[in-house]
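Going down the list, the sequences are from chains A and B.
Oh and the first sequence: position 139 is 175 in our numbering, straight run, nothing missing.
Oh and the second sequence: position 12 is 496 in our numbering, straight run, nothing missing.
Rather than coming from a laboratory, the hints here were simulated on the basis of the structure.
In this text, a Cβ means the ideal position worked out from N, Cα and C, and glycines have one as well.
Be a bit skeptical, because a hint or two may be false.
[Unchecked claim] Now the in silico label distances, taken between C-beta atoms and shown as ranges: (1) A:W136 / B:D609: 54 to 62 Å; (2) A:A139 / B:K596: 36 to 44 Å; (3) B:K601 / A:L278: 33 to 41 Å; (4) A:F289 / B:K540: 46 to 54 Å; (5) A:G52 / B:R729: 33 to 41 Å.
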Amino acid sequence: MGATATDVPLTRRRFGETMRRDAWWGQSVLTVLGFGAFIVYSTWAAFQGNYYWLSQGGANYLSPFYSPEIFGDSPHSVFGPKPGWWPGWLPFSPALLILWAPAGFRFTCYYYRGAYYKAFWADPPSCAVGEPRNVYLGENSLPLILQNIHRYFFYVAVVFIVLLAHDAWKAMWFTNAAGGQSFGIGVGTLVLCVNVWLLGSYTLGCHSLRHLIGGGMDEVSKAGACHRAYNCVSCLNKRHMLWAWLSLFWVGFSDVYVRLCSMGIWKDFRLL
Amino acid sequence: MSTATFRIWRGENGNGGFKDHTVEVSEGMVVLDAVHKIQATQATDLACRWNCKAGKCGSCSAEINGSPRLMCMTRLNQIPLDQPVTIEPMRTFPHRKDLVTDVSWNFDVKKKIARFKPRKADAADGTFKMGQADIDRVQEFRKCIECYLCQDVCHVLRDHGKHEEFIGPRFFVYNAALEMHPADTGDRLGALKTDHGIGYCNITKCCTNVCPEEIRITDNAIIPLKERVVDEFYDPLGWLLKKLRPGATKG
Numbered sequence: 037m038g039a040t041a042t043d044v045p046l047t048r049r050r051f052g053e054t055m056r057r058d059a060w061w062g063q064s065v066l067t068v069l070g071f072g073a074f075i076v077y078s079t080w081a082a083f084q085g086n087y088y089w090l091s092q093g094g095a096n097y098l099s100p101f102y103s104p105e106i107f108g109d110s111p112h113s114v115f116g117p118k119p120g121w122w123p124g125w126l127p128f129s130p131a132l133l134i135l136w137a138p139a140g141f142r143f144t145c146y147y148y149r150g151a152y153y154k155a156f157w158a159d160p161p162s163c164a165v166g167e168p169r170n171v172y173l174g175e176n177s178l179p180l181i182l183q184n185i186h187r188y189f190f191y192v193a194v195v196f197i198v199l200l201a202h203d204a205w206k207a208m209w210f211t212n213a214a215g216g217q218s219f220g221i222g223v224g225t226l227v228l229c230v231n232v233w234l235l236g237s238y239t240l241g242c243h244s245l246r247h248l249i250g251g252g253m254d255e256v257s258k259a260g261a262c263h264r265a266y267n268c269v270s271c272l273n274k275r276h277m278l279w280a281w282l283s284l285f286w287v288g289f290s291d292v293y294v295r296l297c298s299m300g301i302w303k304d305f306r307l308l
Numbered sequence: 485m486s487t488a489t490f491r492i493w494r495g496e497n498g499n500g501g502f503k504d505h506t507v508e509v510s511e512g513m514v515v516l517d518a519v520h521k522i523q524a525t526q527a528t529d530l531a532c533r534w535n536c537k538a539g540k541c542g543s544c545s546a547e548i549n550g551s552p553r554l555m556c557m558t559r560l561n562q563i564p565l566d567q568p569v570t571i572e573p574m575r576t577f578p579h580r581k582d583l584v585t586d587v588s589w590n591f592d593v594k595k596k597i598a599r600f601k602p603r604k605a606d607a608a609d610g611t612f613k614m615g616q617a618d619i620d621r622v623q624e625f626r627k628c629i630e631c632y633l634c635q636d637v638c639h640v641l642r643d644h645g646k647h648e649e650f651i652g653p654r655f656f657v658y659n660a661a662l663e664m665h666p667a668d669t670g671d672r673l674g675a676l677k678t679d680h681g682i683g684y685c686n687i688t689k690c691c692t693n694v695c696p697e698e699i700r701i702t703d704n705a706i707i708p709l710k711e712r713v714v715d716e717f718y719d720p721l722g723w724l725l726k727k728l729r730p731g732a733t734k735g
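Next comes chain A alone, as it looks inside the complex (with noise of 0.2 Å):
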């Protein structure tokens, strides 16, 4: 036993350089492919225009991307097909109209935000690992101090869940061969109610909400139903990053489920 010596000065750290011996850089690995995927997929749907519903066998599907149709061909529409006015130098799919919302939603999401600043800007690859900048601006000035603007996604968000609750309630609802509605449950229908459960449950445990609902008060405990809320809210809250992760891979497989049925690849197959 004894001692040995090697000359490392204490110094700033160099990109990626760090004394960590675990895979530091896994998570920052998941996030890219993760993400990268949803954002290559979704924007690939979102752009289509077509096969986003399913009345095949009376079904009553339309693919979360697109929900609320505003303009559309689907039964699902709200204002009808297309309007005469748009631009024909702009390319049209419901999907574009409505998916800034979710998306941004996402994007200012205080989960979301570390993970991307680590995995897409390095800032920092991973906690005590060098950075490649020495430049720091934070979310302190433009542009990142637009994602103070986060609450305001969460109201959109929320009247989006009860749209997708809407359409999980409609797609219980079959058209049968008399041209009446029957009550069923296909594959589908789980699928859509599923999406809601996962996408609810990730808004609900918004941090901005949990500071709505309660969490900005000093005596919450004195605020009746809104300290229940808040409770709630925290325990949603606890778990955000998996109901992140969960309702982000869901909504993509709803899109996929939907769109599959309809280009008659997959079938859905009735429970009831």
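Assemble the complex: chain A is given as a structure, and chain B must be docked to it using the hints.
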């Protein structure tokens, strides 16, 4: 008894390097035990700060295999011993000697934060009535042992050196303990936004990950404070609500 090699950073005022020390280790030992053994048998001039050896004084903060941790709470069976265990001083603060850094910057920061300013007492004897749930919330922040591992790992301080513009996670926790206290009437939101630089935090949760007291620093202190700053400076709807329901946010 087996042996393990500890690669300890030795030097003064930032100049120096790693030195390997191989010592016998036994079951139940923590990193601090190994450092003490090296001090006793091989390097009597090895400087390290420690006190309680029970994870409560926050003195023995260091970077073990690159991760900020308390030496007294890092058991040797939690880390691989088949290769040298690196032990470095915290990199965010000025280096003094070996594993000792000067953390006095933190004491100066604390002095700049507005003190507790109690409302009028609820009873003639000067006592307050407070809900247990409200006290539980701020009690989490009072678990802080001021080990400054969160300050050490925070990249805003560590990599960008914004010590003049940013107070760091430890003092957001301290701010939260005061700001959310049911009996406090102080207003620290303006200072948080400007002088204390809460906007620099980009929520990477590194501080939460290293906290030996498992305080949910980001979720329970920093983000709620960021939201309160949004209430005050970035939310027109909130301003309208405040006009309609004055005092609503103070509960």
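Query raised in the report: Tell me, which hint numbers fail for this structure?
Result: 5
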